[in-house]
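J.: One letter stands for each residue in the lines below.
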Amino acid sequence: MDGHLREEQVVPYLDGRLAREEQEAVERHLAACAECRTRIEDLRGLLGVLDEWRGADVSPGFPAAVRQRIEAESASVGRSGSWSWAYAGALAVAAAVLLVIIVQPPAPEPSGSPAEITQTPEETAEEMALVEPVVLENYDLLRDFDLLFEPPAEKKPPDKKQGT
Amino acid sequence: MAAESDEQQMLRVKAGDADALTPLVERYRTPLVHFLYRMVHDAATAEELAQEVFLRVYRARSSYKPRAKFSTWLFKIATNVALNSLRDGRLRRAREVPAGSDAAGNPKRNEAAGEEHERLADVADARPTMEQYLMERERLAVIRQAVEELPEKQRLAVLLHKYQELDYREIADILDCSESALKSLLFRAYEALRIRLKPFVANREA
Chain A
32 MDGHLREEQV VPYLDGRLAR EEQEAVERHL AACAECRTRI EDLRGLLGVL
82 DEWRGADVSP GFPAAVRQRI EAESASVGRS GSWSWAYAGA LAVAAAVLLV
132 IIVQPPAPEP SGSPAEITQT PEETAEEMAL VEPVVLENYD LLRDFDLLFE
182 PPAEKKPPDK KQGT
Chain B
1317 MAAESDEQQM LRVKAGDADA LTPLVERYRT PLVHFLYRMV HDAATAEELA
1367 QEVFLRVYRA RSSYKPRAKF STWLFKIATN VALNSLRDGR LRRAREVPAG
1417 SDAAGNPKRN EAAGEEHERL ADVADARPTM EQYLMERERL AVIRQAVEEL
1467 PEKQRLAVLL HKYQELDYRE IADILDCSES ALKSLLFRAY EALRIRLKPF
1517 VANREA
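Protein sequence lines correspond, in order, to chains A and B.
Just so we're aligned, residue 32 is where the first sequence starts under the numbering used here, counting upward by one.
Just so we're aligned, residue 1317 is where the second sequence starts under the numbering used here, counting upward by one.
Worth flagging that the hints you see were computed from the coordinates, not collected in a lab.
For clarity, every value in this text was computed on a predicted model and none was experimentally measured.
Warning: the hint list may mix true and false statements.
[As the list claims (entries may be wrong)] Simulated pairs of lysine to aspartate or glutamate, DMTMM-like, Cα-Cα distance not exceeding 20 Å:
{"hint": "1", "chain 1": "B", "residue 1": "Lys1478", "chain 2": "A", "residue 2": "Glu72"}
{"hint": "2", "chain 1": "B", "residue 1": "Lys1478", "chain 2": "A", "residue 2": "Asp46"}
{"hint": "3", "chain 1": "B", "residue 1": "Lys1392", "chain 2": "B", "residue 2": "Glu1342"}
Just chain B, same shape as in the assembly (with noise of 0.2 Å):
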């Protein structure tokens, strides 16, 4: 017997199944998270708004129409619900810490993200050395930096298409586009992010 696909499973739940609600958050949980936490650079607040989007899923069931695929439907809640967070100004607010900010209350380019701190921390003791592991963290943040400079459009497409690696189709409907737009607009998000870590990238190459 063939497994269920997302969408058969979701129209269960819109029929009163809510059991069948628990194999799309095993399945999801990881990306969306991950997705999430891109965006708010905050683990724990990701995982907070990774239960709100399955919530909201639960909440939507009665008006679920499998027209599109599942997981579009997923990260186009999630892609709200990350903005609508950041928009309300309480993880901005949280994340500029005087600590972390210059005069302008700009965050300053060497300030990791801590939940990136915490894991480089994990495996510190098996890189050589104290300077590396600090070179490791402000390579990051820049990267990090890099990404979250982009306009928000851009920004959406690249987490989408580079992390998360939906298909052209599924991020242009997220994102309201058209695919050709949208194959555009990821070019111009690379072509940005390969102006500003132009050093890292000919290190690599090097």
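Same shape as in the complex, but just chain A (with noise of 0.2 Å):
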């Protein structure tokens, strides 16, 4: 082994993970420099000191407080789930009334002046024709058919008497 220990191989060595072969290999290099020994030994003694950081007690009632967590949002989506559906079904109604507000002709009012309710059939016959107008098929045909025109009448020229 050329120089000193490779940074990679420092922490695999003194976890016990290196190859057989790297080992042994790290293992004579070790006891050929004093420098990566002492740094070896060092490390080691730090891991213990490490050791000394314990980890919190866990509680008793863990186990039990994540199944109410993971039960208190099962039935939050539960009902959040059928909020869904019957928002969606109000909404759908809420749709079909104002389709039916908008597609149906007005009413008659049920009520009214007697004025309002005497119409002459001509203005019926006018009201009906603003509210259904007649249209036109063919207009351009019909525009130039002219038979529907009636001619000009032809001016006759005055007689003329010739004289002598």
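Assembling the complex is the task here: the two chains are given apart, and the hints tell you how they should meet.
T.: In structure tokens:
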């Protein structure tokens, strides 16, 4: 092994996870290199110091708390699912009502002054014409249809008496 | 009949068997709370975050694919939960109470975590003197501070390697790096700690 231990060799060596050949090569190097040997010993000591920092105790009720949170979430999702369906249903009904209002022609008003009720047939026809205007189909054709128009009367030229 | 693997149990959760999560909670609650505690330095918060991690596991059950070990997936979620919690600043503000901070707002070195105080107090009767208790307290606070001051990725690597004992492949997956890069990262982290904790290391060797 040239030089010193490589960075990526140090921790696996401390963990005893190097392949056998590499492990033996590192040990041969350590036997000959005081600098690397000291570093390895210091790091081993450090790992022992870090052991002093223990984790926190877990409360016995932890699994039950997790279960409760999951159940609460499942129930909440269920409720929100029902709410969504209810909301969608209400929206559909509202849309249907709106559609009926738009499409349905205005119903005659049930009450009103007699003047409004008694309409002459002419007035009714005019109103109907406004509501349902007559559509002129093939208007272009009809516009040029000569028979619809009375041709202007031809003026006869005044009789001329030929003088001698 | 062979016991079901973590991955098989998680696949049962995915298939709709919510009870299959219980053995996973039992198996991982301690390592998970320990990991989160070392990240956030508060036992109650660590438990709350651990619950959140399991809740996220449950929420993500339909998308679970056993491509990696279950523990890798779990600790990746835990890492994200812990980092998000730290980054939102609430925990940091709670820890940096004025009484424990210097003029610049930095926590004092002798401000040990409250939970560590309590645990030491529990066993203080077994210790010969109050002086020794205070020395132990100070010592733990310095160790904790040294780890906390590591760059984020180095800190996570140390916690997952030293305390959770995950293998290199798992840690590399969690930290999104190669195994070779992880080994170098760990070396640099332990080197930094060796320098910061030199007096403790020297005393231990003496």
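J.: Measure nothing beyond the straight line between the CA atoms of Lys1478 of chain B and Glu72 of chain A; if it is 20 Å or shorter, mark the hint as holding.
T.: 17 Å, holds
J.: Given the hinted pair Lys1478 of chain B and Asp46 of chain A, is their alpha-carbon gap at most 20 Å?
T.: 10 Å, holds
J.: Given the hint that Lys1392 of chain B pairs with Glu1342 of chain B, test it: the Cα-Cα distance must not exceed 20 Å.
T.: Holds - the C-alpha atoms of Glu1342 of chain B and Lys1392 of chain B are around 18 Å apart, at most 20 Å.
Hint compliance for this structure: every hint is met.
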